Amino acid sequence: MAKLERTLRGDFNQILEMIERGILEGSMSATLEESSDFRDGDARCSVRVFERYSYLGGNRLSLNVTLFTNGDGIKLSAITAGGSQAMFMKINTFGEEAFLQKLAEIL
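Residues in the sequence shown are numbered from 1 upward in steps of one, following this note's numbering.
Careful, some of the hints might be misleading.
Straight-line C-alpha distance at most 25 Å; calculated DMTMM-like pairs for lysine to aspartate or glutamate [stated by the list, open to error]: (1) Lys3 with Glu51; (2) Lys102 with Asp11; (3) Lys102 with Glu17; (4) Lys3 with Glu105.
Simulated from the structure, these hints should not be mistaken for laboratory data.
Note that the coordinates shown come from a computational prediction; the quantities given were computed from them, not determined experimentally.
Take these sequences, add in the hints, and give me the full structure.
Right, here's the structure in full:
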């Protein structure tokens, strides 16, 4: 697994749309598998789960992106998973790191 966490400034909706569009247009095999949105007063949380095929790893991997705000900046947490081919240990995580790097470029 690889992880990226950031504090962002800007419009929540625009950042979320920029992430969705950037991930889906950044890879011909990327898909949005599921999404969830919550609001409670000033707090808002959006979760997106993307999946794509890793040519280098020869497998599919996922990217979970969570955006959260309570009126004081926007917190982002992104975690990749599924990029290993081994049964008992993590090897060949290049696909996970590349997927996360794509998100870092978008931000």
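Each hint tested on the structure:
no.	hint	in the structure
1	Lys3 with Glu51	holds (15 Å)
2	Lys102 with Asp11	holds (21 Å)
3	Lys102 with Glu17	holds (15 Å)
4	Lys3 with Glu105	holds (14 Å)
In the structure shown, no violation is registered for any of the earlier numbered hints.
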